[in-house]
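There are 2 protein chains.
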Amino acid sequence: MAEDFKVTPWEVTGDIDYDVLMKRFGTTPIDEAMIKRIAKYGEVHPMLRRGIFYSHRDLGWLLDEYDKGNRFYLYTGRGPSGNTHLGHMMPWIFNKWVQDTFKVKMIFQMTDDEKFLFKDLTLHDTRDMAYENALDFVALGFDPDNTKIIVDTENIDRLYPIALRVAKKVTFSTAKDVFGFEGSSNIGKIFFTTLESAPAFLPSEIEGRPTPVVVPCGIDQDPHFRVTRDVAPGLGYPKPSMLYCKMCPSLNGGDKMSSSDEMATIYTTDTPKQVKKKVGRAFTGGCVSVEEQREKGGNPEVCAVFKYNYYLFEHDDAKLNEMAEKCRNGEILCGECKVALTSKINVFLEAHQAKREEAKEIVQKMAFDGFKW
Amino acid sequence: MAEDFKVTPWEVTGDIDYDVLMKRFGTTPIDEAMIKRIAKYGEVHPMLRRGIFYSHRDLGWLLDEYDKGNRFYLYTGRGPSGNTHLGHMMPWIFNKWVQDTFKVKMIFQMTDDEKFLFKDLTLHDTRDMAYENALDFVALGFDPDNTKIIVDTENIDRLYPIALRVAKKVTFSTAKDVFGFEGSSNIGKIFFTTLESAPAFLPSEIEGRPTPVVVPCGIDQDPHFRVTRDVAPGLGYPKPSMLYCKMCPSLNGGDKMSSSDEMATIYTTDTPKQVKKKVGRAFTGGCVSVEEQREKGGNPEVCAVFKYNYYLFEHDDAKLNEMAEKCRNGEILCGECKVALTSKINVFLEAHQAKREEAKEIVQKMAFDGFKW
Chain Y
1 MAEDFKVTPW
11 EVTGDIDYDV
21 LMKRFGTTPI
31 DEAMIKRIAK
41 YGEVHPMLRR
51 GIFYSHRDLG
61 WLLDEYDKGN
71 RFYLYTGRGP
81 SGNTHLGHMM
91 PWIFNKWVQD
101 TFKVKMIFQM
111 TDDEKFLFKD
121 LTLHDTRDMA
131 YENALDFVAL
141 GFDPDNTKII
151 VDTENIDRLY
161 PIALRVAKKV
171 TFSTAKDVFG
181 FEGSSNIGKI
191 FFTTLESAPA
201 FLPSEIEGRP
211 TPVVVPCGID
221 QDPHFRVTRD
231 VAPGLGYPKP
241 SMLYCKMCPS
251 LNGGDKMSSS
261 DEMATIYTTD
271 TPKQVKKKVG
281 RAFTGGCVSV
291 EEQREKGGNP
301 EVCAVFKYNY
311 YLFEHDDAKL
321 NEMAEKCRNG
331 EILCGECKVA
341 LTSKINVFLE
351 AHQAKREEAK
361 EIVQKMAFDG
371 FKW
Chain L
1 MAEDFKVTPW
11 EVTGDIDYDV
21 LMKRFGTTPI
31 DEAMIKRIAK
41 YGEVHPMLRR
51 GIFYSHRDLG
61 WLLDEYDKGN
71 RFYLYTGRGP
81 SGNTHLGHMM
91 PWIFNKWVQD
101 TFKVKMIFQM
111 TDDEKFLFKD
121 LTLHDTRDMA
131 YENALDFVAL
141 GFDPDNTKII
151 VDTENIDRLY
161 PIALRVAKKV
171 TFSTAKDVFG
181 FEGSSNIGKI
191 FFTTLESAPA
201 FLPSEIEGRP
211 TPVVVPCGID
221 QDPHFRVTRD
231 VAPGLGYPKP
241 SMLYCKMCPS
251 LNGGDKMSSS
261 DEMATIYTTD
271 TPKQVKKKVG
281 RAFTGGCVSV
291 EEQREKGGNP
301 EVCAVFKYNY
311 YLFEHDDAKL
321 NEMAEKCRNG
331 EILCGECKVA
341 LTSKINVFLE
351 AHQAKREEAK
361 EIVQKMAFDG
371 FKW
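First to last, the protein sequences are chains Y and L. Number 153 in this note's numbering belongs to position 153 of the first sequence; there are no gaps in the numbering. Number 22 in this note's numbering belongs to position 22 of the second sequence; there are no gaps in the numbering.
Hints in this document: simulated from the structure, not taken from any laboratory. Take the hints with a grain of salt, since some may be wrong.
What the hints assert, rightly or not - Distance condition first, Cα-Cα at most 25 Å in a straight line; then the derived BS3-like pairs of lysine-lysine:
#, chain 1, residue 1, chain 2, residue 2
1, Y, Lys239, Y, Lys103
2, L, Lys326, Y, Lys176
3, L, Lys338, L, Lys273
4, L, Lys96, L, Lys326
5, Y, Lys338, Y, Lys319
6, Y, Lys119, L, Lys169
7, Y, Lys355, Y, Lys103
8, L, Lys168, Y, Lys176
9, Y, Lys326, Y, Lys338
10, L, Lys168, Y, Lys169
11, L, Lys40, Y, Lys169
12, L, Lys168, Y, Lys119
13, L, Lys119, L, Lys176
14, Y, Lys176, Y, Lys276
15, Y, Lys355, Y, Lys296
16, Y, Lys256, Y, Lys276
17, L, Lys36, L, Lys96
18, Y, Lys169, L, Lys68
19, L, Lys6, L, Lys168
20, Y, Lys176, L, Lys119
21, L, Lys40, L, Lys68
22, Y, Lys119, L, Lys176
23, L, Lys338, L, Lys326
24, L, Lys6, L, Lys176
25, Y, Lys319, Y, Lys96
26, L, Lys96, L, Lys68
27, L, Lys277, L, Lys256
28, L, Lys273, Y, Lys176
29, L, Lys239, L, Lys105
Said to hold, decoys possible - Here are a few chain Y residues that face chain L, going by a calculated C-beta distance under 8 Å:
#, residue
30, Leu63
31, Ser173
32, Ser259
33, Met263
Unchecked claim - What follows is a set of in silico ranges between Cβ atoms, one per label pair, in the way DEER data are often shown:
#, chain 1, residue 1, chain 2, residue 2, range
34, L, Asp128, Y, Asp177, 32 to 40 Å
35, L, Ser173, Y, Asp369, 48 to 56 Å
36, L, Asp177, Y, Lys103, 50 to 58 Å
37, Y, Asn252, L, Asp128, 41 to 49 Å
38, Y, Tyr66, L, Ala354, 55 to 63 Å
39, Y, His124, L, Ser173, 23 to 31 Å
40, Y, Lys68, L, Thr13, 50 to 58 Å
For glycine and all other residues, C-beta sits at the position ideal for the given N, C-alpha and C.
Based on the provided sequences and hints, a complete structural model is requested.
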């Protein structure tokens, strides 16, 4: 049953076995030796220590180049199909850490074309969402002098010539094998992967020399980057290195926070009351009665509230372990954990929402080629 | 054997039966009634009278709209894969007549992306060729105030949002059926048709209201426009009307002038000496000996030299008929016809080459959205 799940850029179903997925995709685990190496550059981010960013491609090569003075670009993105939730923010938070630690330039891509092609949305919808999502990205404090936001339909003049060169090297058979397209797939979907490849090669175009790139993102994006990496040498670009994270879990206990279950999803614009209500309904590892839980203890392994601390809200390992221990011993009850998490999320969101307002002033500065929102 | 030919936007093989092709594509003949109607707007162009522009889609509707005051745009284009030859110029000459007769705006598209994707050429190659080809187009004297040249990679910002909307409505199965793509086709080829659709809808975008468009072009382009017309209503645009011409014959007697046989192809930059040499080698309908021809006469039906007069260089029907008659009677010999045609072509090219030089000053003014060459 471990194989009974599906992870593509557009669909995640079933219980994901991340080790099986890594083998399926052929990516490399981020092991202790790699984490030790990363520690030389700065304090290791909890998402690395905790195996949330857990797999990579050619990360060692990227660091070798960095050590030689060949500074990389960061590249990640977002498909703007709705409001930003914490699951979207998770890899961005990690990207911010990479930018701060390595002092590197960053490209953030908004694939408004993708979401138009794959969802029942207009280009107007996806453009508006790109703006709203960008505010959340900017609010995380990326360096405005070294970060550029690309919106596909706005910056297509820069992306299209690269996308064409990628397209010429990818056959329909390959796209079909990698993404599972069918006869009924629209021809925009089939071409789209070239637009996700393009920003990986843009730094080499900007710098006028082969420039390393690392893409920290959800492992569901690996199909795109398998294609990107396959075509890179033939186009004279370095293969982008990859840093893959697991999906941010849902409050309902599922593997992926998703807008398809709004009550199990914390949006960046949620009010304290909404957060309280959503966390209050979260799936936990508790027992049916207080008495039973006091006696038998809870199970943090399956608890969405614990996972939120693990993934995002408790960076202190000692405190996290204590939390798990107390749960297992029956010393704390689900209600207490929910109150504590609600408070942490609301503290985070209050500050984020203020920065999100400030972002409205900054976002234009980050627009690639100075496009107008 | 009438079916033993193939006409696609990228390949023309076998002896084309244009009546069969019209039935195969489902287009409508331009009949006497239609030519009479066109005569109301001005002198009917020889290419219409002589059945070179011989088939259409919704031309009656276009004229109805014109009569109501709903002026159409002209749209045609060129895939810049090499130097311009007379076969490319033929439909442009007709477009110029349409612009002059109906006093309408025109969009001319350079599909440099297409030629990159379908040929062994770089984007740099196809861009350079787009410029060279544009000089020939401009030299024909299109109204600089009402004519805009689009180069796909330069004006992709305007075309891409329309192309995406087209792409969302075209499945791979449709593209495969219409164009014959295979698993080995690159994914750029599969997407490309959306870029040829986009300029048909651009006038409606520019004018802010549904705007009729007519596309006079080779009938080999019909597959693209079947797709374009199929998706138009769903996108809120009028279906473009079509005016289709036969392929310009080759000097070697074949159905299509093509750069694959350079000696049978007159380029716009050819010298008088080159033209003389090429016409001198042309396939004719003559007999093996002068004596035999004087006695039996020649066959203008199969003669490339006669066809060049018919298609391009003798607008006077009486003179053309006299030419055919004298050939059949053995009154004139192939050598004489060749000398006469060489002279006509060289007179045309001398003037054209001068206007082509002047075009270097004008072409920038016609660049859509003011891109730089």
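Evaluation of the provided hints:
no., hint, in the structure
1, Y:Lys239 / Y:Lys103, "21 Å, holds"
2, L:Lys326 / Y:Lys176, "62 Å, violated"
3, L:Lys338 / L:Lys273, "13 Å, holds"
4, L:Lys96 / L:Lys326, "32 Å, violated"
5, Y:Lys338 / Y:Lys319, "16 Å, holds"
6, Y:Lys119 / L:Lys169, "13 Å, holds"
7, Y:Lys355 / Y:Lys103, "22 Å, holds"
8, L:Lys168 / Y:Lys176, "17 Å, holds"
9, Y:Lys326 / Y:Lys338, "14 Å, holds"
10, L:Lys168 / Y:Lys169, "23 Å, holds"
11, L:Lys40 / Y:Lys169, "52 Å, violated"
12, L:Lys168 / Y:Lys119, "10 Å, holds"
13, L:Lys119 / L:Lys176, "19 Å, holds"
14, Y:Lys176 / Y:Lys276, "44 Å, violated"
15, Y:Lys355 / Y:Lys296, "43 Å, violated"
16, Y:Lys256 / Y:Lys276, "20 Å, holds"
17, L:Lys36 / L:Lys96, "20 Å, holds"
18, Y:Lys169 / L:Lys68, "49 Å, violated"
19, L:Lys6 / L:Lys168, "29 Å, violated"
20, Y:Lys176 / L:Lys119, "23 Å, holds"
21, L:Lys40 / L:Lys68, "15 Å, holds"
22, Y:Lys119 / L:Lys176, "23 Å, holds"
23, L:Lys338 / L:Lys326, "14 Å, holds"
24, L:Lys6 / L:Lys176, "16 Å, holds"
25, Y:Lys319 / Y:Lys96, "24 Å, holds"
26, L:Lys96 / L:Lys68, "23 Å, holds"
27, L:Lys277 / L:Lys256, "19 Å, holds"
28, L:Lys273 / Y:Lys176, "53 Å, violated"
29, L:Lys239 / L:Lys105, "17 Å, holds"
30, Leu63, "33 Å, violated"
31, Ser173, "4 Å, holds"
32, Ser259, "21 Å, violated"
33, Met263, "31 Å, violated"
34, L:Asp128 / Y:Asp177: 32 to 40 Å, "36 Å, holds"
35, L:Ser173 / Y:Asp369: 48 to 56 Å, "37 Å, violated"
36, L:Asp177 / Y:Lys103: 50 to 58 Å, "53 Å, holds"
37, Y:Asn252 / L:Asp128: 41 to 49 Å, "58 Å, violated"
38, Y:Tyr66 / L:Ala354: 55 to 63 Å, "59 Å, holds"
39, Y:His124 / L:Ser173: 23 to 31 Å, "28 Å, holds"
40, Y:Lys68 / L:Thr13: 50 to 58 Å, "55 Å, holds"
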